[in-house]
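*Asks:* Given these sequences and hints, build the entire structure.
These protein sequences, in sequence, are chains A and B. Residue 567, in the numbering used here, is where the first sequence stops; the numbers in between run on with no holes. Residue 620, in the numbering used here, is where the second sequence stops; the numbers in between run on with no holes.
Zero decoy hints are in this set.
Here's a subset of chain B near chain A, in silico, CB distances under 10 Å, partners left out:
| # | residue |
| --- | --- |
| 1 | Ser579 |
| 2 | Gly587 |
| 3 | Arg591 |
| 4 | Val597 |
| 5 | Ser605 |
| 6 | Glu611 |
| 7 | Leu615 |
Rather than coming from a laboratory, the hints here were simulated on the basis of the structure. The beta carbon of each residue, even a glycine, is placed where N, CA and C say it ideally should be.
Read off the chains here:
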Amino acid sequence: MALYAPAHSSFGQDAPLISGGMGLFTDTNGGNTSYFPIIEPLLAAPLGMKVLVESRADLLESFSPKGAGQSGYNHSHFIGLNFLQGDYIATPNFTIVGGEFLIPFNTYNERLTPIWIGNFQDAPLIFPLGLLSSSSGLGGMARGNAIARNKYSISYSYFYSTRSGAEQFTSHRGTGGRVSFYLPEQRLEAGFSYDRLLQGTHENFYGAHVWWEPKNTAFRLRSEFGRGQHAEGYWVEADYRTLAFGGLNSAIGRIEPVFRIQQTFRLDTMASDGLPPENTERADFGLDYNLPHNARVFTSYARQFSSTGNQNVWETGIVYHFLFPAWKGKK
Amino acid sequence: MMRSNYWLFAVLVLAWVSALAFAAQKNGAPVTAPTTKTFVAAKHSLQQQDEGERVFQQNCSRCHASPEGFPPRISGTIVRHMRVRASLSRHDEEALLHFFNP
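*Replies:* Below, the structure is given as structure tokens:
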């Protein structure tokens with residue numbers, strides 16, 4: 237620790253930034269192909285030494301075939317604010333977040349929803365569990381690292397969200413949090429999430445996650461389990477890039493096969509939680525290609541099985557990840 | 519004729535090497551062997567670099583690939599963002615900042 241005793245100042249490196257992704261996705265289901273051009277910008281602006289204001293939004297257009305024998309496409313657009321939050325770094329182990337924030341239940345919502353990060357275009361089937369209907373909360377959150385050692389660390393987050401019907405700030409009253417245990421040498425993380433909906437019929441949600449990225453490989457294994465009042469399920473996802481043919485930036489190293497298996501189980505007939513109304517199994521096979529200059533191509537095929545019918549889903553997409561200062565500053 | 523070509527070639531090579539040496543001096547490249555003090559400082563800097571790379575591998579690249587370059591002016595903002603998202607400790611934050619700005 238003494239090595240880092242003199243704090244490395246970030247003075248002059250705190251210019252506000254604009255990041256995000258822009259891309260085009262396609263989705264072919266039952267022979268009909270829909271097109272989704274999307275821009276997902278993210279703004280991060282530091283204020284002073286301890287505050288950071290962050291926001292992310294989706295601007296999505298949708299072109300879907302009219303169907304029923306008609307030619308042409310239906311068109312719709314959607315603009316949605318994912319979060320708009322202020323972070324106050326009170327102490328090295330304690331950060332206070334206020335505003336509209338992503339609900340810290342399991343890992344997918346906070347870590348893998350950006351279009352330039354996730355391996356698949358579709359979120360897992362259990363994604364809605366524990367996200368209190370809107371995936372973001374309006375209120376406050378405490379988070380940080382409770383313990384940080386060389387061999388292990390424990391991080392936590394606890395939130396309280398109030399009820400809001402305001403446009404772009406819709407949220408439900410609820411509370412909960414997540415605790416994660418991480419072994420950096422083994423690159424192994426396990427965590428537990430819990431939250432409770434505090435309006436209407438009060439419901440509890442439980443989640444658990446395990447992530448593993450073996451050292452010196454480009455293999456990643458991610459998994460989540462979620463359980464709500466009316467359904468439960470899990471997903472396991474693996475992706476791999478080879479280092480054997482000239483590293484990750486070689487033509488071969490940029491190829492990324494991905495695989496995800498998932499299942500949902502209905503506990504009763506009340507399908508109000510966003511999960512499929514019947515027990516469902518789904519396997520996704522994908523092949524992504526990481527192009528130079530922060531661009532990525534996605535392709536995947538999924539086969540979904542349920543008692544109401546099986547279906548194939550073909551998806552393709554390309555995303556460009558941008559990152560630059562919000563304005564021209566001093567050199 | 520052949521001989522004058524050799525001379526021309528030799529002069530061009532000499533000019534090129536001289537230009538490189540001059541450019542290296544202008545860039546502050548060491549022209550003498552490093553002293554013990556500078557060696558220790560360089561080693562310290564490399565250790566910090568390794569530590570920062572370790573932090574990056576253990577925290578950032580678990581979710582996403584590293585972006586291909588960005589202006590140093592936003593490196594502090596990126597680190598602060600990661601500190602909140604990935605619950606980085608202060609030590610990890612400083613190591614990551616050094617990794618981005620060696």
